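Asker: Here is what each chain is made of, one letter per residue.
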Amino acid sequence: MTDWSNPVWKAETVTDDKLNTRLRDNMLTLKDPATDTTSSVSALISTTSTSFVDVDAVFELNLTTQGGDVLVSFFASPIGAFAFDFTLDDARQGGADGICKGDLEVGASVLNASFLWLLQDLPAGDHVIMLQWKTHGALLTIDLNAGYYFWAREVS
Amino acid sequence: MAWQTPQTWSNELVTATKLNREIGANQQALKDPPSDNYEPNEGSNYSRAIASYADVDSSNLSFSLTTMGGGVMLCFVGSILANGQGLLDVSVDGTRILNSATEGLIAVGTGALPRSICFSYLVEGLSAGAHTFILQWKPSTSLTMYAGAGTANYDLHGQFWAREVS
Chain R
-6 MTDWSNPVWK AETVTDDKLN TRLRDNMLTL KDPATDTTSS VSALISTTST SFVDVDAVFE
54 LNLTTQGGDV LVSFFASPIG AFAFDFTLDD ARQGGADGIC KGDLEVGASV LNASFLWLLQ
114 DLPAGDHVIM LQWKTHGALL TIDLNAGYYF WAREVS
Chain Y
896 MAWQTPQTWS NELVTATKLN REIGANQQAL KDPPSDNYEP NEGSNYSRAI ASYADVDSSN
956 LSFSLTTMGG GVMLCFVGSI LANGQGLLDV SVDGTRILNS ATEGLIAVGT GALPRSICFS
1016 YLVEGLSAGA HTFILQWKPS TSLTMYAGAG TANYDLHGQF WAREVS
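Taken in sequence, the protein lines are chains R and Y. Position 23 (the first sequence) corresponds to 16 in this note's numbering; numbering is contiguous. Position 148 (the second sequence) corresponds to 1043 in this note's numbering; numbering is contiguous.
Bound conformation, chain Y alone (with noise of 0.2 Å):
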């Protein structure tokens, strides 16, 4: 149910279609905002061994959700094995928040072993609509994240979330 400015209220008849229009709508919008989850379980790891950004899965790391305006919280918890430095990072509505090649939200140190990868990022004053937001990566070299695919010691389900927060 979509949020409504509340009107200012001034000497007028109180109807069951205001009390609904501006109170009950805008109560269930607050109640039930936009939001949208994915726990990778896949048949295969996710991989890249190209250095440049580019989507980690078009599919289900990415959400399109259609907000009221205002503030949309983003979130990723996962564990990446990187071979050279990588970088994580999402695009908003086409573009990558740290819109830089050389940047990103947080960064995967290299090394023999897996790294837990937990992050959390505020985008503030979008515009009411609709908006889309996918995971992405960089590697150095090469990245694997781990999705549930049942590699032995490392079947890890991550998650990536979206939701509106105001």
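Okay, chain R solo, but in the shape it has when bound (with noise of 0.2 Å):
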């Protein structure tokens, strides 16, 4: 992965470094940014918890980031009354109920739950986005046979 240098020119030479540097290297860049997503399983995740958990492993990211903002995106059908949130670097981003919140009501067998967030001017260096999940039923599941996705993105 190439870093981004700030591309300010003043009366000097040009040379292969200075051209490989604030050139080749920014654009492969701004083509390239720091990306991280979920990895593929077959499971079956489950949570009684009433208090805000991480999912699973497997919904943990990690960028290494140019200084700028990042999209995160989160989409899945969970069963059973669901609240979804994420941490940055330990810190929860939503209410004391998280991002998106649904209840099952009486004939429904499976949910919707999406969020596509935008995280502004994070300070360039490593980074940790891990999703979180409580509910306030009885039991809530994810089925990961059934579709998920989870991804962040650094976008300038």
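Bear in mind the hints are in silico, worked out from the structure with no lab data behind them. Possibly wrong hints are sitting among the right ones.
Said to hold, decoys possible - Some chain R residues judged to face chain Y by a derived CB distance under 7 Å, without partners named:
| # | residue |
| --- | --- |
| 1 | Phe45 |
| 2 | Asp96 |
| 3 | Glu98 |
| 4 | Val103 |
| 5 | Ala106 |
| 6 | Leu111 |
| 7 | Ala131 |
Stated by the list, open to error - Calculated cross-link-like contacts (lysine-lysine; reagent style DSBU-like; alpha-carbon spacing at most 35 Å):
| # | chain 1 | residue 1 | chain 2 | residue 2 |
| --- | --- | --- | --- | --- |
| 8 | Y | Lys913 | R | Lys11 |
| 9 | Y | Lys913 | R | Lys3 |
| 10 | R | Lys24 | R | Lys3 |
Stated by the list, open to error - Facing chain R, according to a computed beta carbon distance under 10 Å, are these residues of chain Y, among others:
| # | residue |
| --- | --- |
| 11 | Glu907 |
| 12 | Thr912 |
| 13 | Asn915 |
| 14 | Gln923 |
| 15 | Leu925 |
| 16 | Ser930 |
| 17 | Asn932 |
| 18 | Glu934 |
| 19 | Glu998 |
| 20 | Leu1008 |
| 21 | Cys1013 |
| 22 | His1052 |
| 23 | Arg1058 |
Being a predicted model, the structure only gives us computed values, none of them experimental. Note that beta-carbon positions come from the ideal geometry of N, C-alpha and C, so glycine has one too.
Please assemble the complex out of the two chains, which come individually in their own frames, going by the hints.
Answerer: Rendered as structure tokens:
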């Protein structure tokens, strides 16, 4: 992965090193920014926790960013009353009840949960993003065979 | 920093001024495009009980971006309780995307319990300059959007954001 360098030129000799650092590497950084996604697993995962806990190690994302904004996206089809949130470097981003919440109504078997979140002005360096959940019912389950995705990507 | 259409180079002296203008400034513009976001954490939840479109929050869920010309991505995530099916839309420079009194970008189903709503939308081909983006809604009977107001079991922080992406 290449690093971003502040592209400021002054009256100076244009050298290979400068072109590679300020032009080539910056273009490559813009073309291929820091990104992480969940790996593919086949399982049912459940919780009975009524306070926010990590969903599963599968839902940990690690980014080394250049300093700027990051998009975080999640979708799944949970079975049961749910609330989802995520932590950035151990700090949860939503309210006391998270970012999104849903309830099973009579006759419903599965719900949809999703969010696309913009984190602004993260400092350059390593960051850990972890999906969290809790239930306000008896049991919350996600069938990972039924479609899910959690990803984060530096966008500036 | 504003984007400038890169020049076509031809048999000319490459100066620091040109490199900064043609490459440095444009790289900075791509690296840090116009963007804004808001996560409601209000004293009370948003509500509306008049069956016509209106701004959800004209101060906070409303952005003005000065863009470089191109596409802007919009996104909303939140939890809404609907009495009668409601609609959400976004006004772009004063005109709703689905510019019809009976249509919206997404519907919120009626029910006894709140629904988790999330949508994203790409507005394409905007001219360079200032543009406003305002989240709007229309109830059938009433809509309540949970806004981090400490409502028991519904202290939720959603997000509305807009960002130039090209």
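Asker: It remains to establish, for every hint, whether it holds in the given structure.
Answerer: The hints, checked one at a time:
1. With a least beta-carbon distance of about 12 Å to chain Y, the hint placing Phe45 of chain R at the interface is violated under the 7 Å criterion.
2. Interface restraint check for Asp96 of chain R: the shortest CB-CB distance to chain Y comes to about 4 Å, inside 7 Å, so the restraint holds.
3. Satisfaction of the interface hint for Glu98 of chain R is found here, the shortest Cβ-Cβ separation to chain Y being roughly 6 Å, below the 7 Å cut-off.
4. Given the 7 Å rule on beta carbons, the hint for Val103 of chain R is violated: about 13 Å separates it from the nearest Cβ of chain Y.
5. Hint on Ala106 of chain R holds. Least Cβ distance to chain Y is approximately 6 Å, under the 7 Å limit.
6. Nearest Cβ of chain Y to the Cβ of Leu111 of chain R: about 4 Å, under the 7 Å cut. The hint holds.
7. The interface hint given for Ala131 of chain R is violated, since its Cβ lies 15 Å from the closest Cβ of chain Y, which is over the 7 Å cut-off.
8. For the hint linking Lys913 of chain Y to Lys11 of chain R, the alpha-carbon distance of about 15 Å falls within 35 Å, and the restraint holds.
9. With a CA separation close to 10 Å, the supplied pair Lys913 of chain Y and Lys3 of chain R stays within the 35 Å bound.
10. At most 35 Å may separate the alpha-carbon atoms for a hinted pair to count; Lys24 of chain R and Lys3 of chain R meet this at roughly 25 Å.
11. Of the supplied interface hints, the one on Glu907 of chain Y is violated, with its beta-carbon coming no nearer than about 14 Å to a beta-carbon of chain R, more than 10 Å.
12. Annotation: Thr912 of chain Y was flagged as interfacial toward chain R, and the flag holds, the nearest CB pair being 8 Å apart, inside 10 Å.
13. With its C-beta approaching chain R no nearer than about 5 Å, Asn915 of chain Y sits inside the 10 Å limit, and its interface hint holds.
14. Proximity of Gln923 of chain Y to chain R holds as hinted, the smallest CB-CB distance being about 7 Å (cut-off 10 Å).
15. The beta carbon of Leu925 of chain Y comes within 6 Å of a beta carbon in chain R, closer than 10 Å, and the hint placing it at the interface holds.
16. Hint on Ser930 of chain Y holds. Least Cβ distance to chain R is approximately 6 Å, under the 10 Å limit.
17. Among the interface hints, the one on Asn932 of chain Y holds; its C-beta lies about 5 Å from the nearest C-beta in chain R, closer than the 10 Å criterion.
18. Taking 10 Å as the C-beta cut-off, the interface hint given for Glu934 of chain Y holds, the closest approach to chain R being about 8 Å.
19. The beta carbon of Glu998 of chain Y is not positioned within 10 Å of any beta carbon in chain R (closest approach about 22 Å), and the interface hint is therefore violated.
20. The beta carbon of Leu1008 of chain Y is positioned within 10 Å of a beta carbon in chain R (closest approach about 4 Å), and the interface hint is therefore held.
21. Given hint, Cys1013 of chain Y at the interface with chain R, holds; its Cβ is 4 Å from that chain's nearest Cβ, closer than 10 Å.
22. With 10 Å as the threshold, the beta carbon of His1052 of chain Y comes within range of chain R, its nearest partner Cβ sitting at about 4 Å, so the hint holds.
23. With a least beta-carbon distance of about 7 Å to chain R, the hint placing Arg1058 of chain Y at the interface is held under the 10 Å criterion.
Hints 1, 4, 7, 11, 19 from the list above are not met by this structure, while the remaining hints are.
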